[in-house]
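*Asks:* For the protein sequence lines, the chains are A and B, in the order given. Numbering follows UniProt numbering, in which position 161 of the first sequence is assigned residue number 161; successive positions increment by one, without gaps. Numbering follows UniProt numbering, in which position 242 of the second sequence is assigned residue number 242; successive positions increment by one, without gaps.
Worth flagging that the hints you see were computed from the coordinates, not collected in a lab. Please note that a few of the clues may not be correct.
Remember, identical chains collapse to one label, so a pair may be satisfied in a single copy or spanning two.
Below are the PhoX-like pairs computed for lysine-lysine, each with C-alpha atoms no more than 20 Å apart in a straight line [claimed, not checked]:
hint : residue 1 : residue 2
1    : K266      : K346
2    : K116      : K266
3    : K159      : K116
4    : K160      : K182
5    : K48       : K360
6    : K355      : K159
7    : K349      : K48
8    : K98       : K135
Please read these numbers as outputs of a predicted model, since none were measured by experiment.
Protein chains: 2
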Amino acid sequence: MSLEREEPTHFGAGPAQLPTEVLQQAAKDLLNYNNLGLGIGEISHRSKDATQIIESSKQNLKELMNIPDTHEVFFMQGGGTTGFSSLATNLAAAYVGKTGQIANAGYLVTGSWSLKSFQEAKRLHVPCEIIFNSKDFNDEGKFVDIPDESLWEDRVKGKKFSYVYLCENETVHGIEWNQLPKCIVDDPNIELVADLSSDILSRKIDVSKYGVIMAGAQKNIGLAGLTLYIIKKSILTNIEKVDDTLLHEFDIPVTPIAFDYPTVVKNNSAYNTIPIFTLHVMNLVFEHLIKKGGVEAQEKENDAKAKILYDILDAYPNFYNLPVKPNARSRMNVVFTLKKEGLDEKFLKDAAERKLTGLKGHRSVGGFRASIYNALTLASVEKLVQFIKDFAVENQ
Amino acid sequence: MSLEREEPTHFGAGPAQLPTEVLQQAAKDLLNYNNLGLGIGEISHRSKDATQIIESSKQNLKELMNIPDTHEVFFMQGGGTTGFSSLATNLAAAYVGKTGQIANAGYLVTGSWSLKSFQEAKRLHVPCEIIFNSKDFNDEGKFVDIPDESLWEDRVKGKKFSYVYLCENETVHGIEWNQLPKCIVDDPNIELVADLSSDILSRKIDVSKYGVIMAGAQKNIGLAGLTLYIIKKSILTNIEKVDDTLLHEFDIPVTPIAFDYPTVVKNNSAYNTIPIFTLHVMNLVFEHLIKKGGVEAQEKENDAKAKILYDILDAYPNFYNLPVKPNARSRMNVVFTLKKEGLDEKFLKDAAERKLTGLKGHRSVGGFRASIYNALTLASVEKLVQFIKDFAVENQ
Numbered sequence: 001m002s003l004e005r006e007e008p009t010h011f012g013a014g015p016a017q018l019p020t021e022v023l024q025q026a027a028k029d030l031l032n033y034n035n036l037g038l039g040i041g042e043i044s045h046r047s048k049d050a051t052q053i054i055e056s057s058k059q060n061l062k063e064l065m066n067i068p069d070t071h072e073v074f075f076m077q078g079g080g081t082t083g084f085s086s087l088a089t090n091l092a093a094a095y096v097g098k099t100g101q102i103a104n105a106g107y108l109v110t111g112s113w114s115l116k117s118f119q120e121a122k123r124l125h126v127p128c129e130i131i132f133n134s135k136d137f138n139d140e141g142k143f144v145d146i147p148d149e150s151l152w153e154d155r156v157k158g159k160k161f162s163y164v165y166l167c168e169n170e171t172v173h174g175i176e177w178n179q180l181p182k183c184i185v186d187d188p189n190i191e192l193v194a195d196l197s198s199d200i201l202s203r204k205i206d207v208s209k210y211g212v213i214m215a216g217a218q219k220n221i222g223l224a225g226l227t228l229y230i231i232k233k234s235i236l237t238n239i240e241k242v243d244d245t246l247l248h249e250f251d252i253p254v255t256p257i258a259f260d261y262p263t264v265v266k267n268n269s270a271y272n273t274i275p276i277f278t279l280h281v282m283n284l285v286f287e288h289l290i291k292k293g294g295v296e297a298q299e300k301e302n303d304a305k306a307k308i309l310y311d312i313l314d315a316y317p318n319f320y321n322l323p324v325k326p327n328a329r330s331r332m333n334v335v336f337t338l339k340k341e342g343l344d345e346k347f348l349k350d351a352a353e354r355k356l357t358g359l360k361g362h363r364s365v366g367g368f369r370a371s372i373y374n375a376l377t378l379a380s381v382e383k384l385v386q387f388i389k390d391f392a393v394e395n396q
Numbered sequence: 001m002s003l004e005r006e007e008p009t010h011f012g013a014g015p016a017q018l019p020t021e022v023l024q025q026a027a028k029d030l031l032n033y034n035n036l037g038l039g040i041g042e043i044s045h046r047s048k049d050a051t052q053i054i055e056s057s058k059q060n061l062k063e064l065m066n067i068p069d070t071h072e073v074f075f076m077q078g079g080g081t082t083g084f085s086s087l088a089t090n091l092a093a094a095y096v097g098k099t100g101q102i103a104n105a106g107y108l109v110t111g112s113w114s115l116k117s118f119q120e121a122k123r124l125h126v127p128c129e130i131i132f133n134s135k136d137f138n139d140e141g142k143f144v145d146i147p148d149e150s151l152w153e154d155r156v157k158g159k160k161f162s163y164v165y166l167c168e169n170e171t172v173h174g175i176e177w178n179q180l181p182k183c184i185v186d187d188p189n190i191e192l193v194a195d196l197s198s199d200i201l202s203r204k205i206d207v208s209k210y211g212v213i214m215a216g217a218q219k220n221i222g223l224a225g226l227t228l229y230i231i232k233k234s235i236l237t238n239i240e241k242v243d244d245t246l247l248h249e250f251d252i253p254v255t256p257i258a259f260d261y262p263t264v265v266k267n268n269s270a271y272n273t274i275p276i277f278t279l280h281v282m283n284l285v286f287e288h289l290i291k292k293g294g295v296e297a298q299e300k301e302n303d304a305k306a307k308i309l310y311d312i313l314d315a316y317p318n319f320y321n322l323p324v325k326p327n328a329r330s331r332m333n334v335v336f337t338l339k340k341e342g343l344d345e346k347f348l349k350d351a352a353e354r355k356l357t358g359l360k361g362h363r364s365v366g367g368f369r370a371s372i373y374n375a376l377t378l379a380s381v382e383k384l385v386q387f388i389k390d391f392a393v394e395n396q
């Protein structure tokens with residue numbers, strides 16, 4: 001049975017392409033891991049081999065992201081959506097633990113994922129408010145940019161928040177925070193909670209600025225079904241200070257046990273059965289990235305990929321439309337439309353003939369979206385660039 | 001790269017051994033599914049291929065379990081522990097939707113898993129009570145049997161419960177309900193909610209008797225990280241009748257959105273990103289079982305496996321001890337201890353020399369446990385039987 005394949009050029013937004021050598025190793029390990037005579041998915045999550053994978057994943061991530069000792073790493077089942085729920089209830093509890101009071105969580109809404117996360121906090125009766133919705137800051141009433149800090153910092157300064165939430169990269173609309181808002185990270189009383197599901201390990205970040213980082217695996221780091229968390233240890237301590245009775249008095253919901261951060265950390269991510277195969281794939285992605293030169297090398301490649309793609313789209317301003325304002329353009333999801341009507345299907349068909357797939361835009365936005373996560377090589381993006389050029393020349 | 005392996009003889013309680021041909025196919029599909037040039041874990045969960053896997057898994061399960069039209073099948077991230085939480089809040093909501101009132105959920109506690117499930121409902125502030133704890137019905141004060149219905153049916157008859165919960169097979173203690181309690185299944189006002197994580201598809205059952213069946217994948221049906229649910233459609237309708245404000249008035253927690261059963265069903269198990277590789281493995285297990293002759297053939301083999309294993313242990317009553325009373329013995333997890341002290345390590349070492357692994361008992365019980373789920377062949381169990389006999393003869 002062959003495990004060879006031609007390098008795919010799939011630009012889907014996720015679950016996304018993974019490095020072929022990672023999948024080949026994972027496929028082998030699915031049948032026989034470490035010469036155990038047994039596959040990696042068939043062993044106890046409390047066995048020596050499983051524990052070693054958990055430890056190794058933590059260590060590799062700490063090395064890749066330069067995670068300080070003030071922060072802890074853990075893994076949980078689920079994805080971003082389960083993260084929206086667990087972040088809201090755990091962080092609300094942490095604030096009660098720290099202050100003996102409640103306060104609203106503040107959400108910076110820049111696209112549909114941050115909006116969904118806010119809606120989930122509200123649905124669960126976690127006190128929360130929208131600090132700004134970027135739709136309100138442009139004439140189009142759309143998610144097309146991130147308003148300058150000067151326009152909304154007054155809504156933050158001097159106020160108390162249980163935490164402030166943002167989604168670093170909005171995959172649907174192709175919008176990315178190119179730098180963190182200073183009024184949040186410079187305020188020592190605010191814990192920044194960030195969804196990095198679609199840009200984790202794509203560029204260097206300063207972990208010390210975050211209270212919690214949450215990232216679903218299925219874009220840059222693995223298969224669907226697993227989420228990684230990096231959390232400030234003091235937040236864990238604050239959650240532990242609160243007993244369920246106190247939470248109940250404050251009308252804040254108790255987090256389901258499998259998603260209670262202190263419980264998961266105390267049990268080294270194996271309170272319940274961690275999907276060890278999925279974690280192993282994630283760890284293979286980490287090892288692959290370390291071998292490639294780490295996040296620094298990856299960032300350089302990602303910048304180059306995004307540059308040539310935006311450059312070619314910008315080069316045909318009468319043919320391609322880029323809805324997102326330049327300062328908020330995502331380096332991971334490049335969203336564009338055709339100015340001429342009636343060509344959309346042809347674009348996808350012609351692309352598919354060159355084996356360029358996954359380019360259809362999200363159903364709520366339309367047009368096209370090229371997702372260029374870590375596993376997409378510069379050579380693959382160059383093929384797409386060539387096609388975008390050829391298509392414009394042939395059809396304009 | 002070889003995907004061959006010697007048939008393992010691993011008796012771990014889970015994550016457990018899977019059929020080798022299932023893993024071989026899964027390994028191939030991890031790199032290139034259906035000649036897409038892309039692996040099954042790399043495609044959108046809303047793509048045609050992913051949808052086809054979801055539909056096929058549902059159909060295959062319906063065929064295997066003869067699921068009536070009154071019931072719906074869906075899949076969710078997580079395992080049993082996430083199930084404990086989501087069952088409690090969804091079913092409490094369903095009762096409010098049906099009756100406009102609240103009532104306690106009733107738990108039949110026969111081992112540590114049903115106890116954990118009760119504790120989670122309580123922790124989440126879902127109204128609940130223990131109908132019986134089997135520890136209270138024997139002199140040892142241990143989980144070693146299931147009390148006869150006549151001893152506890154008075155606690156059920158004429159009373160109202162939002163649902164009644166049981167765990168069909170307790171993996172830690174090796175205790176199994178060999179038939180469902182009549183006082184529960186014959187009461188049309190009671191919804192039976194059952195955890196079948198460790199005995200699903202191991203024997204024929206009458207699905208119409210259950211309100212909800214929940215089963216984590218990692219014992220009989222696949223890899224960790226996915227749980228299947230079979231639910232009476234009327235329960236879904238009842239949950240939908242309740243809005244969050246009413247729930248809040250009744251002080252019942254809102255279920256996190258990724259675990260809200262009606263939302264998941266309406267979105268065909270893809271409200272959030274379903275771990276499609278893990279579901280594919282589950283579906284391959286279903287197909288493998290259909291080819292083997294379905295649940296009927298599997299049940300016959302499982303009965304034979306359990307019989308020869310218990311028979312050989314019973315044949316050496318001075319050497320082996322079987323803590324569980326015969327009428328509650330599990331056909332999936334055979335728990336035993338050695339009467340002589342100081343031989344435990346030797347037992348495991350000698351077994352390992354014959355490549356018989358995973359036999360150590362749960363840390364809370366000690367001794368040994370042979371888990372003989374569907375993927376363990378009769379031939380593998382015969383090897384274990386031979387070893388158990390030889391060990392007794394050599395060491396008694």
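*Asks:* I want to check one pair: K48 and K360. Are their C-alpha atoms no more than 20 Å apart within a copy, between two copies, both, or neither?
*Replies:* The answer is between: 14 Å across copies meets 20 Å, while 44 Å in one copy does not.
*Asks:* Is it within, between, both or neither when you check K349 against K48 at 20 Å Cα-Cα?
*Replies:* between (50 Å within a copy, 16 Å between copies)
*Asks:* Is it within, between, both, or neither for K159 and K116, if the alpha carbons may be no more than 20 Å apart?
*Replies:* neither (23 Å within a copy, 41 Å between copies)
*Asks:* Between the shortest in-copy and the shortest cross-copy C-alpha distance, which are at most 20 Å for K355 and K159: within, between, both, or neither?
*Replies:* neither (52 Å within a copy, 64 Å between copies)
*Asks:* Checking an output row: K98 and K135, CA cutoff 20 Å. Within, between, both or neither?
*Replies:* Result: close neither inside a copy nor across copies, 34 Å intra and 40 Å inter.
*Asks:* With 20 Å as the alpha-carbon cut-off, assign the pair K266 and K346 to within, between, both or neither.
*Replies:* neither (54 Å within a copy, 32 Å between copies)
*Asks:* If the cut is 20 Å between Cα atoms, do K116 and K266 qualify within a copy, between copies, both or neither?
*Replies:* Answer is between: at 18 Å across copies they meet the 20 Å cutoff, but 29 Å inside does not.
*Asks:* Using 20 Å as the alpha-carbon threshold, which applies to K160 and K182: within, between, both, or neither?
*Replies:* within (16 Å within a copy, 56 Å between copies)
Hints 1, 3, 6, 8, counting from the list given before, are not met by this structure.
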